[in-house]
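In the order they appear, the protein sequences are chains A and B.
The first sequence begins at 64 in the numbering used here and counts up by one.
The second sequence begins at 64 in the numbering used here and counts up by one.
Treat the hints as calculated values from the structure; they're not laboratory data.
These numbers were taken from a predicted model, which means no experiment stands behind them.
Careful: at least some of the hints might be erroneous.
Mimicking SDA-like on lysine to any residue, the simulated pairs with C-alpha atoms at most 20 Å apart in a straight line are [stated by the list, open to error]:
1) A:Lys139 / A:Asn184
2) A:Lys118 / A:Gln243
3) B:Lys118 / A:Val194
4) A:Lys155 / A:Leu260
5) A:Lys254 / A:Gln243
6) B:Lys152 / A:Leu260
7) B:Lys118 / A:Phe255
8) B:Lys152 / A:Ala172
9) A:Lys118 / B:Gly163
10) A:Lys176 / A:Tyr317
11) A:Lys139 / A:Asp87
12) A:Lys176 / B:Pro157
13) B:Lys311 / B:Glu108
14) A:Lys118 / B:Val194
15) B:Lys176 / A:Ser158
16) A:Lys152 / B:Leu160
17) A:Lys311 / A:Arg222
18) A:Lys118 / A:Pro318
19) A:Lys176 / B:Leu160
20) A:Lys152 / B:Ala172
21) A:Lys176 / B:Glu161
22) A:Lys176 / B:Lys155
There are 2 protein chains.
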Amino acid sequence: MDFDQFRVATPTSFELAKLPTDYDGGVKDDDLKELREELWLELAEWQERLYAENKQSLLVVFQAMDAAGKDSSIGKLTSALSAHGCHVKSFKKPSTLEAGHDFLWRIHAAAPKSGEMTMFNRSHYEDVLIVKVHQWADAETIERRYDHINNFERLLADRGTKVVKFMLNISKDYQLERFQRRLENPDKHWKFNPGDLDERAKWSDYMHAFESAIGRCSSDEAPWYIVPAENRKYRDVMIASVLRDTLKAMDPQYPEPDFDPTVYTVDSIS
Amino acid sequence: MDFDQFRVATPTSFELAKLPTDYDGGVKDDDLKELREELWLELAEWQERLYAENKQSLLVVFQAMDAAGKDSSIGKLTSALSAHGCHVKSFKKPSTLEAGHDFLWRIHAAAPKSGEMTMFNRSHYEDVLIVKVHQWADAETIERRYDHINNFERLLADRGTKVVKFMLNISKDYQLERFQRRLENPDKHWKFNPGDLDERAKWSDYMHAFESAIGRCSSDEAPWYIVPAENRKYRDVMIASVLRDTLKAMDPQYPEPDFDPTVYTVDSIS
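Work out the full structure: start from the sequences and follow the hints.
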């Protein structure tokens, strides 16, 4: 399957509304399920190579409107991976300490070390999304932040950290349905926050903010993928497939042993 | 006293050898001593304003050849300041965790929060000084690091962190004398390391590396000062004076009280 149509790897301008949110790529449900299982196994193998090589690293960013499935995407992905060298970091409202620094300070601190993968549940992009929509910073500050983000992602790339960014794309109607489900199910109430409705009311402002952020902060070293996220199997396949291909292209190598394995024999202890 | 002749605030090329290392600015020793005391008092007042305002911050970088007086400069300066909101961070050989990240990762983590001052004893500039001299990274990597440093310092500036960088400039002969003193005095042996002589042997390579780093990474928001460092009183006066002027220009304000001070009376408890 080819996901190039959903890849943004150079600065560009585009309309989110023109991209699908519910999509199966013409593949049957059962086949998507099977494919997903295969990809997760492959991904685990590539992760082991990355960890063994201990030179490069992978940063995966997830951004989306509320209820688009960030938690579920990350949860499924990390289940497939080894907890050795795989981290998840969620970014909420900055703490007092975090707010006392530049917006990339807490982000940089959580960047993966060599051999490791880190998934960001929200990220530095919040500082050009929610902050832009609410005008908590002026337009010039937002402009400068795009540059700071590009510079920062280039710094990571130069050290061997590949950055892959997923925007989980859903429709306004789909969010409505998910919110209603959260309100109807007491076990999901913790996931709902009345403030979410205020953000929902600014839907089109958010779409414009996403279009600018993705359009301004895309590069070959740190591409965005706009994932049609309503079909969860297709979503999972796309994410796993993109990450598998990314790791494949990074081509991590098992290190040469610094001993001669033929010299040693392992005896059972009598 | 005017220190503009020692200020580098735009990209430039220059020769360190043409700048003085032993200099008193035409001021008598006793007068320098008196001036230094006055400046330290002033500096403490400005630091209090910075701390009370809790919006901006100050990062002071010290770089120099061995035995030029980094420890002593920082020690004297911090004695004059309040430990509240004043930090010193020394950067040695990167740890395994630090080396598993980009070169600015550990630097960014130590950047001052709003209201605070941090002194860096060595810094990210080691990654374009010792690393360049020993060719631990190729020329292209060093070039890219200059850009990364400029981008990083601009990120700090945009958040209200002023960066001031001091290169303590000494002659080769002066270092010889200081090394001899360290060897002759058992109380100073801990400050000497036979490897220091290997670095000394690369003196002119270091001078070229300093010239490139300072020439490439100078801006109005993050200027370098090349301090004639052999006369320690002049050195201290220059450092204190530059920092006093920097804080003055930052113009930190005591915050408006959120209460009416005339409403309250404080009684002695009977």
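We went through each hint and held it up to the structure:
1. A:Lys139 / A:Asn184: 13 Å, holds
2. A:Lys118 / A:Gln243: 46 Å, violated
3. B:Lys118 / A:Val194: 19 Å, holds
4. A:Lys155 / A:Leu260: 17 Å, holds
5. A:Lys254 / A:Gln243: 12 Å, holds
6. B:Lys152 / A:Leu260: 45 Å, violated
7. B:Lys118 / A:Phe255: 34 Å, violated
8. B:Lys152 / A:Ala172: 17 Å, holds
9. A:Lys118 / B:Gly163: 8 Å, holds
10. A:Lys176 / A:Tyr317: Holds, at roughly 17 Å.
11. A:Lys139 / A:Asp87: 18 Å, holds
12. A:Lys176 / B:Pro157: Within the cut-off at roughly 13 Å; holds.
13. B:Lys311 / B:Glu108: 10 Å, holds
14. A:Lys118 / B:Val194: 19 Å, holds
15. B:Lys176 / A:Ser158: 12 Å, holds
16. A:Lys152 / B:Leu160: 18 Å, holds
17. A:Lys311 / A:Arg222: The given pair, whose Cα atoms are some 18 Å apart, holds under the 20 Å limit.
18. A:Lys118 / A:Pro318: 10 Å, holds
19. A:Lys176 / B:Leu160: It holds: about 7 Å lies between the C-alpha atoms, which stays within 20 Å.
20. A:Lys152 / B:Ala172: 17 Å, holds
21. A:Lys176 / B:Glu161: 8 Å, holds
22. A:Lys176 / B:Lys155: 19 Å, holds
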